[in-house]
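*Asks:* Chain by chain, the residues:
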Amino acid sequence: MTEFCGLELRHPVINGSGTFDAIAARRAFGDQLLDEFPFSAFVSKTITPEPRAGNPPPRLWETPSGLLNSIGLPNKGLDGFLSRDLPELAELPVPLIVSVMGTSHDQFARLVEGAGGRDEVAALELNVSCPNVKSGLIIGESPDEARSLLQRIRPLTEKPLLVKLTPNVADPVPIAEAAVEGGADAISLINTLRAAALAPGSGERWLGGGTGGLSGSSVRAIALVQVSAVAAAVPVPVIAMGGISTGRDAAEMIGAGAKLVAVGTETFRDPAAGSRIAAELAGESPAVSA
Amino acid sequence: MTATRAPRLGERVVAPFGRRRCEVTRNLASGGYRIFSALDPAGPMPAAGQFYMLASESGWGGDGGRPYLARAFSVADAAREDGGVRLDFLVQAVGPGTSRLATLEAGEGLWIHGPLGQPFSAPSQVAEDAAGAVLIGGGIGVAPLAIWRRQLLAAGIPARVLLGFRDRPNSGGLNLFDCSEIRLASEDGHTGHRGFVTELLAVLLEGDDAGSAAVYACGPPAMLEAVRGMCAERDVGCELAMETPMACGFGACFGCAIPLKPGGYIRLCVDGPVIRGDQIETALVPGSGH
Numbered sequence: 001m002t003e004f005c006g007l008e009l010r011h012p013v014i015n016g017s018g019t020f021d022a023i024a025a026r027r028a029f030g031d032q033l034l035d036e037f038p039f040s041a042f043v044s045k046t047i048t049p050e051p052r053a054g055n056p057p058p059r060l061w062e063t064p065s066g067l068l069n070s071i072g073l074p075n076k077g078l079d080g081f082l083s084r085d086l087p088e089l090a091e092l093p094v095p096l097i098v099s100v101m102g103t104s105h106d107q108f109a110r111l112v113e114g115a116g117g118r119d120e121v122a123a124l125e126l127n128v129s130c131p132n133v134k135s136g137l138i139i140g141e142s143p144d145e146a147r148s149l150l151q152r153i154r155p156l157t158e159k160p161l162l163v164k165l166t167p168n169v170a171d172p173v174p175i176a177e178a179a180v181e182g183g184a185d186a187i188s189l190i191n192t193l194r195a196a197a198l199a200p201g202s203g204e205r206w207l208g209g210g211t212g213g214l215s216g217s218s219v220r221a222i223a224l225v226q227v228s229a230v231a232a233a234v235p236v237p238v239i240a241m242g243g244i245s246t247g248r249d250a251a252e253m254i255g256a257g258a259k260l261v262a263v264g265t266e267t268f269r270d271p272a273a274g275s276r277i278a279a280e281l282a283g284e285s286p287a288v289s290a
Numbered sequence: 291m292t293a294t295r296a297p298r299l300g301e302r303v304v305a306p307f308g309r310r311r312c313e314v315t316r317n318l319a320s321g322g323y324r325i326f327s328a329l330d331p332a333g334p335m336p337a338a339g340q341f342y343m344l345a346s347e348s349g350w351g352g353d354g355g356r357p358y359l360a361r362a363f364s365v366a367d368a369a370r371e372d373g374g375v376r377l378d379f380l381v382q383a384v385g386p387g388t389s390r391l392a393t394l395e396a397g398e399g400l401w402i403h404g405p406l407g408q409p410f411s412a413p414s415q416v417a418e419d420a421a422g423a424v425l426i427g428g429g430i431g432v433a434p435l436a437i438w439r440r441q442l443l444a445a446g447i448p449a450r451v452l453l454g455f456r457d458r459p460n461s462g463g464l465n466l467f468d469c470s471e472i473r474l475a476s477e478d479g480h481t482g483h484r485g486f487v488t489e490l491l492a493v494l495l496e497g498d499d500a501g502s503a504a505v506y507a508c509g510p511p512a513m514l515e516a517v518r519g520m521c522a523e524r525d526v527g528c529e530l531a532m533e534t535p536m537a538c539g540f541g542a543c544f545g546c547a548i549p550l551k552p553g554g555y556i557r558l559c560v561d562g563p564v565i566r567g568d569q570i571e572t573a574l575v576p577g578s579g580h
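Protein chains in written order, with the numbering used here: chain F, 1 to 290; chain D, 291 to 580.
Incorrect hints may appear among the rest.
Here are some of the chain F residues that sit facing chain D, going by a computed Cβ distance under 8 Å [said to hold, decoys possible]:
id, residue
1, 5
2, 6
3, 28
4, 58
5, 65
6, 66
7, 67
8, 71
9, 74
10, 130
11, 132
12, 181
13, 221
14, 225
15, 228
16, 280
Pair by pair, the computed Cβ-Cβ distance ranges are [to be verified]:
id, chain 1, residue 1, chain 2, residue 2, range
17, D, 550, F, 103, 24 to 30 Å
18, D, 385, F, 91, 37 to 43 Å
19, D, 422, F, 204, 51 to 57 Å
20, D, 554, F, 248, 38 to 44 Å
21, F, 79, D, 492, 44 to 50 Å
22, D, 399, F, 50, 45 to 51 Å
23, F, 110, D, 523, 43 to 49 Å
24, D, 492, F, 279, 44 to 50 Å
Some, not all, of what chain F presents toward chain D, calculated at C-beta under 7 Å [said to hold, decoys possible]:
id, residue
25, 36
26, 50
27, 54
28, 201
29, 270
Hints listed in this document are in silico derivations from the structure and should not be mistaken for laboratory results. We treat Cβ as the ideally placed atom computed from N, Cα and C, and that holds for glycine.
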């Protein structure tokens, strides 16, 4: 068992937000999914206050050993999530972590109170890769923004608050430190790296959203150095993600100081990758600290 | 667990959870295409219109990191054999993924997950009075119509088949059909009607029994759009098997979104790939057909 922010987890492998839709997967794979659920906790897709349709297609582009996506956070909004998705997610055999994103402190407050007030929700993850509409600054790119958001949100819930950092900064350490000063219980990183692709022939931007986020094996080396730096700097547990596809990859992240690892793009290639990586990790010798 | 009973016509078949290794049993040239088969030791019989995510066990990743993700393929035929279910796929080598699959040799390993997605519906579900089916396919897109025709005939439902090809090298899908009662069109005139296959459909729909058939189409976006428009004009029920880039195949990545007529998007992997023609404004979706 792995202890994480007061939760007892079966193993240290969870999913990255937005990389596994447990409700859709149950349609595809039936209840065998529940019997063999690959993750020890489930992180929801990011919920916003109002419904979002997501970005126009195309949304995907394959890169060498990676995937570029521009999905645009489609979701049912807070009310739709609570009334329609939460009852189904509550049937999962693992703790539920709800990812939320707002564009103001008030929006985050509404999300954290709304989702955090439900018994089915074990913890909350703040997706801070978005601008604060008041300041115009990306919350996750500014230590002051991150600190003040946490200071506002922290008194609203007793549940663990995770902060998901963006890698699109020169140094994630001051932002992680500020989030912890504000009251964050854990830090997860990395989100995708901002990137673009050009359409063959026309040379126009391929993705309907213009730019996208890069994930997969090709970003793992970047994730490793950022995880290592943040884990050395903050006293709270770190969830490492970014291109993890094997138990060895997971062991390296844990060697770098991570408490948990999250799997994303590898799940697209192998739906049960979480279970496989957990089993491989159990057989790994500890990695040398990165 | 292998399902013991055959699915009812148009019934969605649920996939075993996770990916599994199959052995490639043959790979035959068919015009400019290849038809390869794999023996699925643990999967159910798929429904026509469903698809599998495929990746070779070795050599996936090439020498430049692509292909990276598994590739979605409609199943062209399936049959129970000793040791499992034989799955047939039609492939044209156009990119790194299809090129690797086209060179699979008997005895090689193939990772699959599936069957996935929404299959073709029975004619009575597509059009109230439909006594029979009209199947119209173009190019590589004829594949799912081959297994659909067999399943319809096994259920005693008459099916007329219209197939169109650009030229001789691109007519490799014809070998999936073992019947003589097919009406053919070719753009270069090497066989059948010189022109588009949709011209054959127009003639058929002008006939006095047009209202008594359900139309099923799979092919390039322009062909699907023509079929959709013709059926909408004449109030004929139709289903389209569509294609768009996919990363996962089971609703995890939200990458395969196509716009709906009332606005918003559906994921083609879990809400398709077979959709009703009246669900969409156009079959010309940016990014599809690549």
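*Asks:* A separate judgement is required for each hint: does it hold in the structure or not?
*Replies:* Now for the hints, and whether the structure bears them out:
| no. | hint | verdict |
| --- | --- | --- |
| 1 | 5 | violated, 25 Å |
| 2 | 6 | violated, 28 Å |
| 3 | 28 | holds, 4 Å |
| 4 | 58 | holds, 3 Å |
| 5 | 65 | holds, 4 Å |
| 6 | 66 | holds, 7 Å |
| 7 | 67 | holds, 6 Å |
| 8 | 71 | holds, 5 Å |
| 9 | 74 | holds, 6 Å |
| 10 | 130 | violated, 17 Å |
| 11 | 132 | violated, 25 Å |
| 12 | 181 | violated, 34 Å |
| 13 | 221 | violated, 13 Å |
| 14 | 225 | violated, 20 Å |
| 15 | 228 | violated, 24 Å |
| 16 | 280 | violated, 14 Å |
| 17 | 550/D / 103/F: 24 to 30 Å | holds, 26 Å |
| 18 | 385/D / 91/F: 37 to 43 Å | holds, 39 Å |
| 19 | 422/D / 204/F: 51 to 57 Å | violated, 44 Å |
| 20 | 554/D / 248/F: 38 to 44 Å | holds, 41 Å |
| 21 | 79/F / 492/D: 44 to 50 Å | holds, 47 Å |
| 22 | 399/D / 50/F: 45 to 51 Å | holds, 47 Å |
| 23 | 110/F / 523/D: 43 to 49 Å | holds, 48 Å |
| 24 | 492/D / 279/F: 44 to 50 Å | violated, 57 Å |
| 25 | 36 | holds, 5 Å |
| 26 | 50 | violated, 14 Å |
| 27 | 54 | holds, 6 Å |
| 28 | 201 | violated, 10 Å |
| 29 | 270 | holds, 5 Å |
Of the hints listed earlier, those the structure fails to meet are numbers 1, 2, 10, 11, 12, 13, 14, 15, 16, 19, 24, 26, 28, in rising order.
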